[in-house]
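One line per chain: the protein sequences are A and B, in this order.
Each residue of the first sequence is one higher than the one before, counting from 1 in my numbering.
Each residue of the second sequence is one higher than the one before, counting from 1 in my numbering.
Mixed in with the good hints there might be a few duds.
[Stated by the list, open to error] Capping the alpha-carbon separation at 30 Å, the derived lysine-lysine pairs in DSS-like fashion look like this:
(1) Lys230(B) to Lys230(A)
(2) Lys214(A) to Lys230(B)
(3) Lys230(A) to Lys185(B)
Read the hints as simulated data drawn from the structure, not as lab findings.
In case you want the letters, here they are:
2 protein chains.
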Amino acid sequence: MAPSAQSLPTSVSDEKYANVKWEELGFGFCRTDNMYVAKCKHGESFQEGKIVPYADIQISPCSAVLNYGQGLYEGLKAYRTEDGRIVLFRPDQNALRLQSGANRLCMPYPTVDQFVSAVKQVVLANKKWIPPPGRGTLYIRPILFGSGPILGSLPVPEYTFTVFACPVGRYHKDNAGLNLKIEDKFRRAFPSGTGGVKSITNYSPVWITLAEAKAKGFSDVLFLDAATGKNVEELFASNVFIVKVEERVVPVEDLLDAEEVFCTGTAAIVTTIASVTFKEKKTEFKTGDKTLAAKLFATLTDIQMGSVEDKKGWIVELTDATKPGLKL
Amino acid sequence: MAPSAQSLPTSVSDEKYANVKWEELGFGFCRTDNMYVAKCKHGESFQEGKIVPYADIQISPCSAVLNYGQGLYEGLKAYRTEDGRIVLFRPDQNALRLQSGANRLCMPYPTVDQFVSAVKQVVLANKKWIPPPGRGTLYIRPILFGSGPILGSLPVPEYTFTVFACPVGRYHKDNAGLNLKIEDKFRRAFPSGTGGVKSITNYSPVWITLAEAKAKGFSDVLFLDAATGKNVEELFASNVFIVKVEERVVPVEDLLDAEEVFCTGTAAIVTTIASVTFKEKKTEFKTGDKTLAAKLFATLTDIQMGSVEDKKGWIVELTDATKPGLKL
């Protein structure tokens, strides 16, 4: 190690934190210091982008994303562990999902290495925004979209890949479990649509259902499949699990018969569902410390926070390339 | 009339034109001089916006449109008539469609008067970009989108309404009629989705079908309904008509039995369909000057260009408010 490196701090304990009231953190937008931007012309490949100060994006009024919804997003988190490391959880899987979505929406995409490198750079460039252990996480939002102007016909001349980040607390505020409304009118995904990828077009069309459910005091909505309107699909931003049911098509009746129900997602982590309301009838489920959801939440977050050993190779630790020899 | 106004030109004949090779105009993006921008905070109403020089839009990386596809577009045209007037065609109908879409996507919207006024201002601010009579039209693109940052939950803090314009020629280049491919895998609209409004989320998810069809030499794709996969819906950007069939559900068999087929749209105007290919089998239809499509095209464009009387009140003539007494 070079002599100059010896004087550097060797743990995050002497790092400065941003001026955030960590105990009040929700899951909302919070401006941080830096973001990553890479652009790519039609017919070319994404090259290495760069970290720039966080700022508004400049985009053509006639861009593909503003006019035709050509965009994808990802969501993952950086965790500050009890022993002072900064880690990611399976970021390669986000990269692969983005690639799958880019193929579906006719866009070029960054390689897995470019994607993971961009995420790491954004985390390191916003280090002081990573909440202290147990107080929250740094949510990382990669977006890929058609930024070039297009009016009538393909191709889109330019694409942009951007990564930014915000410190977040819990996504669902209902600590006693979620109270869901089964959406009985609007469907979300349909066969041959974009339900299998993280297209931006999957979200705003069903905001109307979330707004209506929240106005009635529900925590979230549960969608049924578009083809039959009889099978359980997912919550607005998380997957749904029913205890003692294998991965298969789940009719609403099976859901209402379940002992325990929970949902998962990057934002939701593992969250107990306390009730589901279908056609005005409310059905309640097991909640509290004895649920499988509570055990899964504890195990998953213990792995992510470094207090339980990662035997699957899911954790990616960040090293600050600008400070050789320093482990964050 | 004030003396100063008497020296103003009284027809567009002495206006300057932009430096455009009008005979080469296609339906692509072309940068013009000015655009209209209005913004609106959550919980407020759209106020009068302003004309600004055409430029990139500055938008939050965490904006609702970039991350969740909250956006709508409209498309209409300004026509330069043979007798030197500049007119619009039923712009109030575009305003009403935008309002319907805004309700569906949980956005505030401009009033009909604000919308039509914004369109007029954009046309007047880009007057020299309106092609000479018979050489094309000025395509006007209003967009409404969630421009404020949002991560986890509603509401979106800010919305933007923008209008820009580009001179355009014909949308379809196939003068002898379109050769369509019936899309047999991907569906476009589905029950309770956004197919009834002009959401940006209706477009990029089916670009993959258009790209595939164009690569095989087809002019456009024809979508079937998502619920059954058996009934005719629409082309990528226009409606479809089958001669001698009333407005009703149209099974593919009825389409293939038709004598004549054509499509309509702001961009497509009225365009003859020469053939449809379904499961590798090509069916041809009547084309040429004797088609109903040719008569409808002539009548509609004659009304729009002022050479046939408008008995329906569809034409809106522009008056330049900055030059009292001057009719454009």
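Each hint tested on the structure:
1. Lys230(B) to Lys230(A): holds, 22 Å
2. Lys214(A) to Lys230(B): violated, 37 Å
3. Lys230(A) to Lys185(B): Cα-Cα ~23 Å, so holds.
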